[in-house]
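Residue numbers (our numbering), protein chains in the order written: chain A, 1 to 233; chain B, 1001 to 1213.
In short, the hints are calculated from the structure, not lab data. Incorrect hints may have been included.
A short, non-exhaustive set of chain B residues, derived as facing chain A with CB atoms under 10 angstroms [as the list claims (entries may be wrong)]:
| id | residue |
| --- | --- |
| 1 | 1049 |
| 2 | 1053 |
| 3 | 1054 |
| 4 | 1071 |
| 5 | 1075 |
| 6 | 1076 |
| 7 | 1077 |
| 8 | 1079 |
| 9 | 1080 |
| 10 | 1095 |
| 11 | 1142 |
| 12 | 1146 |
| 13 | 1197 |
Restricting the straight-line Cα-Cα distance to at most 25 angstroms, the calculated cross-link-like pairs of lysine to any residue (SDA-like) are [as the list claims (entries may be wrong)]:
| id | chain 1 | residue 1 | chain 2 | residue 2 |
| --- | --- | --- | --- | --- |
| 14 | A | 124 | B | 1051 |
| 15 | A | 124 | B | 1084 |
| 16 | B | 1046 | A | 154 |
| 17 | B | 1097 | A | 149 |
| 18 | B | 1072 | A | 54 |
| 19 | B | 1124 | A | 146 |
| 20 | B | 1027 | B | 1084 |
| 21 | B | 1097 | A | 179 |
| 22 | A | 124 | B | 1111 |
| 23 | B | 1199 | B | 1079 |
| 24 | B | 1111 | B | 1133 |
| 25 | B | 1072 | A | 57 |
| 26 | B | 1097 | A | 57 |
| 27 | B | 1199 | B | 1068 |
| 28 | B | 1124 | A | 149 |
| 29 | A | 124 | B | 1021 |
| 30 | B | 1046 | B | 1118 |
| 31 | A | 124 | B | 1052 |
Predicted, not measured: the structure shown is a model, and the values here were computed from it. No residue lacks a Cβ here, since even glycine has one placed at the ideal position from N, Cα and C.
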Amino acid sequence: MTYFSDSFKEAISLLTTFDQEVYGIILLSLFVSFSSTVIATVMGIPLGLTLGLRSFRGKGIVTRILYTMMSLPPVVVGLAVAIILSRRGALGSFRLLYTPAAMIIAQTVLVTPIVTGIVFNAAKAHGEGIKRVCRTLGGNAVDVIWLLIAELRVNLLIAVVTGFGRAVSEVGAVMIVGGNIKYHTRVMTTYIAMNNGMGNYAKALAMGLVLLGISFLVNTLLYQFGMEVRDEH
Amino acid sequence: MNIELINVQKCYGDKCVLEIEALNLDKQQIYGVVGENGAGKSTLLKLIAGLEAPSSGTIAYDGESMSSAVIKRITYVSQTPYLLKRSVFENVAYPLKIRNMSPERCNEKVKNMLAMLQIESLAKRNAQMLSAGETQKVALARALVFEPDVLLLDEPTANIDQDTIELIESVLRNRHGMMTLHISHNRDQVERLCDTVIKLSGGRLVQAAMKGT
Chain A
1 MTYFSDSFKE AISLLTTFDQ EVYGIILLSL FVSFSSTVIA TVMGIPLGLT
51 LGLRSFRGKG IVTRILYTMM SLPPVVVGLA VAIILSRRGA LGSFRLLYTP
101 AAMIIAQTVL VTPIVTGIVF NAAKAHGEGI KRVCRTLGGN AVDVIWLLIA
151 ELRVNLLIAV VTGFGRAVSE VGAVMIVGGN IKYHTRVMTT YIAMNNGMGN
201 YAKALAMGLV LLGISFLVNT LLYQFGMEVR DEH
Chain B
1001 MNIELINVQK CYGDKCVLEI EALNLDKQQI YGVVGENGAG KSTLLKLIAG
1051 LEAPSSGTIA YDGESMSSAV IKRITYVSQT PYLLKRSVFE NVAYPLKIRN
1101 MSPERCNEKV KNMLAMLQIE SLAKRNAQML SAGETQKVAL ARALVFEPDV
1151 LLLDEPTANI DQDTIELIES VLRNRHGMMT LHISHNRDQV ERLCDTVIKL
1201 SGGRLVQAAM KGT
């Protein structure tokens, strides 16, 4: 229990002393996770809607691949991205390995299937009915897209928040492609892993509490949005 | 709008669920579409609505093929309509909004339609929290509010109470200038409401005759 009480005090101390390193780590974590979630959303929502609404040969196998990718092991993704970005890799000339850009790429690979999968399931369950309503009331293709987004907005938001949750809590991939370099690629999860390895459990737990606090804040926003959608009626 | 079906077939793989050599549908008529389960009634309505394309043959709308202009003049209400996750008022207003109607005109038309179907009191309710009868009335109001030329109804009065059925029938009877195709398993209703009966069996047209002929 002392660990927890000490870490709680440490968490308060970390935040209230405005430690430059700690705030840098938090901001970099948010920047990397937010960027990868935005990219994954831009790719995942249209892809999920298309997969959910279109019938095509091989849809079954595509679906199974998508579900498999939703549980991709982060270390495997990290390794694959690191190989591609390494000097001898296909994208080695860009010199991105051990930079925040590499971390964004790795997280995007992890988050995109999650966003796509959640949107795909929502579109499969409700999309056809929404599309049919729009078409039979005289809507064109653009009207169908807007109506799908409006009707599935809570599902889309859940997809984005789940994706962000995956990104911000992920450690394996960012550790491999970022390298946990101080003031450069160190994020909350790699900071926790590093302090755990060094035996600084209070510091590790303190940053864990900050991570939990951010997660709670994001989920509170989602809950609030969900309540507002219900209150509209 | 007049609709003409010529050698229309709808097949899934080797199995053809609808085959109609010729069928002419005149504007302003109310057609009752009858037949056993699997006779092709819903398929016929979906083809006319443009929700599905025929495997072969042509469907002409005033001599033209299906287009974005034609689709705006046809509407379809299923037995279990999907109401949007918004208020009843917004559901009924939706077809007018996508036609860029002014808010004032839109409000007026929606209010009139809600009054016609006696659902003014539901205006602010969440459309997804309604009973089956209320849902059908809202779906019908939403389909009629933009004054379509063709109304396609897939068993709209199944599983709803007699008062609601009578109200819907009276609304349909008073929509002049609109063609209605109405699938029903209720012979009395077809007798009361429809000018012409289209009978399908095994995916083929076996009768298309004015009532009493």
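So, going through the hints one by one against the coordinates:
| no. | hint | in the structure |
| --- | --- | --- |
| 1 | 1049 | 6 angstroms, holds |
| 2 | 1053 | 13 angstroms, violated |
| 3 | 1054 | 17 angstroms, violated |
| 4 | 1071 | 6 angstroms, holds |
| 5 | 1075 | 5 angstroms, holds |
| 6 | 1076 | 4 angstroms, holds |
| 7 | 1077 | 8 angstroms, holds |
| 8 | 1079 | 12 angstroms, violated |
| 9 | 1080 | 9 angstroms, holds |
| 10 | 1095 | 4 angstroms, holds |
| 11 | 1142 | 7 angstroms, holds |
| 12 | 1146 | 7 angstroms, holds |
| 13 | 1197 | 24 angstroms, violated |
| 14 | A:124 x B:1051 | 17 angstroms, holds |
| 15 | A:124 x B:1084 | 16 angstroms, holds |
| 16 | B:1046 x A:154 | 30 angstroms, violated |
| 17 | B:1097 x A:149 | 16 angstroms, holds |
| 18 | B:1072 x A:54 | 23 angstroms, holds |
| 19 | B:1124 x A:146 | 22 angstroms, holds |
| 20 | B:1027 x B:1084 | 30 angstroms, violated |
| 21 | B:1097 x A:179 | 53 angstroms, violated |
| 22 | A:124 x B:1111 | 34 angstroms, violated |
| 23 | B:1199 x B:1079 | 19 angstroms, holds |
| 24 | B:1111 x B:1133 | 19 angstroms, holds |
| 25 | B:1072 x A:57 | 31 angstroms, violated |
| 26 | B:1097 x A:57 | 37 angstroms, violated |
| 27 | B:1199 x B:1068 | 30 angstroms, violated |
| 28 | B:1124 x A:149 | 22 angstroms, holds |
| 29 | A:124 x B:1021 | 35 angstroms, violated |
| 30 | B:1046 x B:1118 | 29 angstroms, violated |
| 31 | A:124 x B:1052 | 18 angstroms, holds |
Hints 2, 3, 8, 13, 16, 20, 21, 22, 25, 26, 27, 29 and 30, counting from the list given before, are not met by this structure.
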